[in-house]
Each structure stands twice: as C-alpha cells, then as structure tokens.
Amino acid sequence: MSPYNRKTLLVGVAIAVIIGGGVSYFASRSPDGLEKTQADLGLTQPPHEGVTAPAVVFHEYGLKWLGEGFWSNAIAGVTGVLLVLGLLLGLGRWMKAGKSGRDADAPASRQP
Amino acid sequence: MHIAPGFLSPPVWATMAAVSGATVAASLALARRRVGERQVPLMGVMGAFIFAAQMVNFPVLPGTSGHLGGGFLLGILLGAPVSVIVMASILAVQALVFQDGGVEALGANLFVMGIVPSLLGAAVRRLWLRPKQGIVTYAVTFFGGAVAVLLGATGVILMLFLSQSLPGSVSLLQAITVMDVIHMGIGAVEGAVTVAVVKFVLATRREAILSPAGPACEKGSA
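As you go down the protein sequences, you meet chains A and B in turn.
According to the numbering used here, the first sequence is numbered sequentially starting from 1.
According to the numbering used here, the second sequence is numbered sequentially starting from 1001.
Here chain A stands alone, though its shape is the one from the complex (with noise of 0.2 angstroms):
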C-alpha cells in the first residue's frame, strides 16, 4: 500500500474511533428528530408487523452484557467502525478489479 493511503486510512480511523468510540457516549440522550416527531403526533405503537435483528452480541450501541457504560458504548462504537470499514475496503477491492485491462494499483495519474 502507498504511503498516501496507508496515512488516509490511519488518520482517518484515527478520527473515526475517537468519535465513535468516545465522544459518542456524550452525547444527547434525547429522542432523534423523527422519533419526537412520532411522539408529538402520537404515533409510538408500531401499526404493523416489524423486523428487528436479533440482538446478538450488541443491544443497540452498547454490549449486551455491559449494559450503558462508557467501555460498553466504546466496544459497539469501534466494532461498528471496524465493520463499515472492512465491508467497503472489501467492496473496493472488487470494484478495483472491475477495472479490466489495467492494473489495479497502477497511480492514479495514468488512468483516465
């Protein structure tokens, strides 16, 4: 990997850890825009049937078992970043090869 993007993905982990892992758990505990919404016109019972994942390892953004302490949101927080992260440079390496009769990791200058 070039030094440019080993330092993009470092920094920006870096970035995203602190805020999810950290400055997340300080944040409001109010109901969300859509949520007060629901409230305000009096829709808070569900009026139809619903999917809701199992709450496997996680219960929202805090560990099942940990109830809502800091390390409970930090563990959720990084987890989360970690998995949108590996899925998409997954995803980028599949669309990196869709680039047919060029070399993948030629520099970005040379392709049109």
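Any given hint could be a false lead.
Partial pick of chain A residues on the chain B-facing surface, computed with a CB cut under 10 angstroms [as the list claims (entries may be wrong)]:
#: 1; residue: PRO47
#: 2; residue: GLY67
#: 3; residue: LEU88
Partner residues are not named here, just some residues of chain A that face chain B (Cβ under 8 angstroms, in silico) [unchecked claim]:
#: 4; residue: ASN5
#: 5; residue: GLU49
#: 6; residue: GLY50
#: 7; residue: LEU87
#: 8; residue: GLY92
Covered stretches of chain B, as calculated for chain A (at least 3 residues, CB under 8 angstroms) [unchecked claim]:
#: 9; region: 1015-1023
#: 10; region: 1084-1090
#: 11; region: 1127-1134
Think of the hints as simulated: they come from the structure by calculation, not from any bench.
Glycine included, each C-beta is placed from N, C-alpha and C at the ideal position.
Use these hints to put chain B onto chain A, whose structure you have.
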C-alpha cells in the same frame, strides 16, 4: 431519522426495498468501472466516519436531538454511486448489528438518508472541483445540506402516510409541518458540518477526491 420496525406497511417497504435495491445494484455497476486506487481508502474511512458521527446526537430543541445524515457530504466527496454504496453499508450495519432502524425498513431508510442526499451532493460536487471556492460554494453547500435533510424528513412522513400509520386525527400537512420544523435545526447542522468536513478533506486529500474517478463520477451522477 431511522424508521423503526413496524411503522411501514408491507406494500410501502417492499416498494422502497425494490427501488433502493435496484439503485444499489446500479451504483455497484457504475462504481466498479470508475473507482480509483486512492478513492478506496477514502471511501472506507468516510464510511467509518459517518457511522461514528451518526452516533453523536446533538440537542436541537428542548427534548429533541438530531444526528448527521452524511449522504450529502459523501455525494460531494465521492460522487453519487460510491456515496450510495457507502450509505447502504452504514445503514445495513446499523440495522443488522445494532438494531438501529427496522430490517424491513432498510430500503426506505436508504432512500431518504442515502440515495436522495447522495444525488443532491453529487449535483453540488462540481462547485468543489473548481480550483477555488468562495462564499457561493459554501452557501449552496450549506443550504443544500439543509434541503437534503428536509427532503428526507418529508419523505419519511409521506411513507408513514402511505402506510396509513399516521393517526386519523392528524392530517398529512400537519405531520409534515411538525417533522420539518424539528428538522430545520438538524438540517442547519448538517449543512454547516458538510462545509467544514468537505473543506478539511479537500485540503488534505484533494487527489483522492479528484482522480481518477472524479470527473467521470460527476458526469454519471447528476
């Protein structure tokens, strides 16, 4: 603004799932031919950043909070196809791992928080690709971010209305008014944060935004 499980009727969520699913498939096909060596890491870290930023709810009105959407910002930085793919990844992780948003509502949530703002962001992208930016670019981006949020908010109410989920005593117009007034504050923050983050990324990672996919993405995304 994630729609929770059980608030959309099957015809509405199924339609939105089909529309959003087709859009993701088209975005993957477009991005596969265009994404560049330096864009992949940026795409990954921007997704990670938006996921993290969405965890930070900020107070807007008494007893109400909001969080960044991010689709508009990603549309500017990455173009519409890649932006849609990033938002789809974030929303899928949120719904499937953290029970944030209904699984059946994933397509609907992607449409209002991903596809619509990504297209708006991609339309503003060309302003940021010029060598220099001034007050016009900042103003258009700020208001564009706010409009993206308000369009999404209105879209959510329309889908609740079509699902016959709104209480009988509430008219569509009343519901849109309540939703959009609350989301004006959230939209203003979205616009301001978008200007700041785009300026930061452009100052530090200009090459990753411009080349090689930049102009091509721009053409295809409008």
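Against the structure, the hints come out as follows:
1. A least Cβ separation of about 5 angstroms between A:PRO47 and chain B falls short of the 10 angstroms threshold, and the interface hint therefore holds.
2. Checking A:GLY67 against chain B: minimum C-beta separation of about 15 angstroms lies over 10 angstroms; hint violated.
3. A cut of 10 angstroms between beta carbons decides the hint on A:LEU88: the least distance to chain B is about 4 angstroms, and the hint holds.
4. Checking A:ASN5 against chain B: minimum C-beta separation of about 5 angstroms stays under 8 angstroms; hint holds.
5. A cut of 8 angstroms between beta carbons decides the hint on A:GLU49: the least distance to chain B is about 6 angstroms, and the hint holds.
6. About 3 angstroms separates the beta-carbon of A:GLY50 from the nearest beta-carbon of chain B, less than 8 angstroms, and the hint is met.
7. The beta carbon of A:LEU87 is positioned within 8 angstroms of a beta carbon in chain B (closest approach about 5 angstroms), and the interface hint is therefore held.
8. Interface restraint check: A:GLY92 against chain B, minimum CB-CB distance 3 angstroms, threshold 8 angstroms, status holds.
9. Counting residues of the region 1015-1023 of chain B whose CB lies closer than 8 angstroms to any CB of chain A gives 0, so the stated coverage by that chain is violated, three being the minimum.
10. For the region 1084-1090 of chain B, the assignment as covered by chain A holds, since 4 residues bring a beta-carbon within under 8 angstroms of that chain's beta-carbons and 3 suffice.
11. Proximity of the region 1127-1134 of chain B to chain A, defined as three or more residues with a beta carbon under 8 angstroms from a beta carbon of that chain, is not established by the 0 residues found.
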